[in-house]
Amino acid sequence: MFYREIDCLRSLYHRNILRYYDFFEDDTFCYAILELCQGGDLLQRLKNMPVVTEAHIVKYVRQMLAAIQHCHQNGVMHRDLKTEDDDSPLVLIDFGLALRFVPGIKQTVVCGSPRYIAPEVFKQAYDEKCDLWSLGIVVYAMLYGTHPFGVNAKSTFHEIRAQSFVQALLQHDPEQRPDASEGVDEPSPHTLWRMIMSRVPGEKRKRMSLNFASE
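The letter at position 132 of the sequence shown is residue 305 when you use the working numbering, and the numbering goes up by one with no holes.
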């Protein structure tokens, strides 16, 4: 697993992805020299500040999409996206479960953080779009400060209506999810914000402005 992680990291070079510098080993241990990230957990950073604006949310989402897009363009699926992947600017870390993939070839190994795993992973037939499902969970957590599938998963999920950005990412059918490039290439931050907030209940939007923060 360690060698696979290094192989994935050395193929990636992006400001929103953990930087790989070097690798060496001796008779006992393997060593990797990586970028030092000290920004902390994404949700904790948001909660520690007084308010979050649409500009902050859009900025974070676009950075995450850019990182995922770069991974997929270079044949790497992350398979373990979660809210702990953070620095300032956001840096995608923890490539321990990352895998090089061939387009069109389904993966079968079940892995990842349980609350962030896409449904098709459990069915043992998935591709790189499993990362987009995990991103949907992360964005929901950014907006509400909680996981979407809590005590009553069905009712919580349906609070986000059709056409919302998060529900687009949380499609059970991976073919119905957008590509990472769709949000990255969106020319207007205001349009991307509308995609994220489309039809999110008004009271939820008010609580979001009170409960979250940004740098």
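Hints listed in this document are in silico derivations from the structure and should not be mistaken for laboratory results.
None of these values were measured; they are calculated from a predicted model.
Using N, Cα and C, we set each Cβ at its ideal position, and we do this for glycine too.
Among the clues, some could well be false.
Derived DEER-like restraints, expressed as beta-carbon distance ranges [what the hints assert, rightly or not]:
| no. | residue 1 | residue 2 | range |
| --- | --- | --- | --- |
| 1 | P276 | Q217 | 14 to 24 Å |
| 2 | A298 | K220 | 32 to 42 Å |
| 3 | Q297 | Y176 | 31 to 41 Å |
| 4 | T226 | M174 | 21 to 31 Å |
| 5 | V224 | G269 | 27 to 37 Å |
| 6 | K220 | G277 | 38 to 48 Å |
| 7 | S286 | G212 | 36 to 46 Å |
| 8 | D214 | P351 | 24 to 34 Å |
| 9 | I278 | L207 | 27 to 37 Å |
| 10 | N221 | D180 | 30 to 40 Å |
| 11 | V224 | Y204 | 37 to 47 Å |
| 12 | N247 | M174 | 15 to 25 Å |
| 13 | D200 | F295 | 21 to 31 Å |
Dumping the calculated DSS-like pairs for lysine-lysine here, alpha-carbon to alpha-carbon at most 30 Å [to be verified]:
| no. | residue 1 | residue 2 |
| --- | --- | --- |
| 14 | K296 | K255 |
| 15 | K232 | K255 |
| 16 | K296 | K279 |
| 17 | K220 | K255 |
| 18 | K220 | K232 |
| 19 | K255 | K279 |
Results for each hint:
no.	hint	result
1	P276 to Q217: 14 to 24 Å	36 Å, violated
2	A298 to K220: 32 to 42 Å	37 Å, holds
3	Q297 to Y176: 31 to 41 Å	24 Å, violated
4	T226 to M174: 21 to 31 Å	39 Å, violated
5	V224 to G269: 27 to 37 Å	34 Å, holds
6	K220 to G277: 38 to 48 Å	41 Å, holds
7	S286 to G212: 36 to 46 Å	19 Å, violated
8	D214 to P351: 24 to 34 Å	26 Å, holds
9	I278 to L207: 27 to 37 Å	28 Å, holds
10	N221 to D180: 30 to 40 Å	36 Å, holds
11	V224 to Y204: 37 to 47 Å	42 Å, holds
12	N247 to M174: 15 to 25 Å	19 Å, holds
13	D200 to F295: 21 to 31 Å	40 Å, violated
14	K296 to K255	20 Å, holds
15	K232 to K255	17 Å, holds
16	K296 to K279	11 Å, holds
17	K220 to K255	16 Å, holds
18	K220 to K232	17 Å, holds
19	K255 to K279	22 Å, holds
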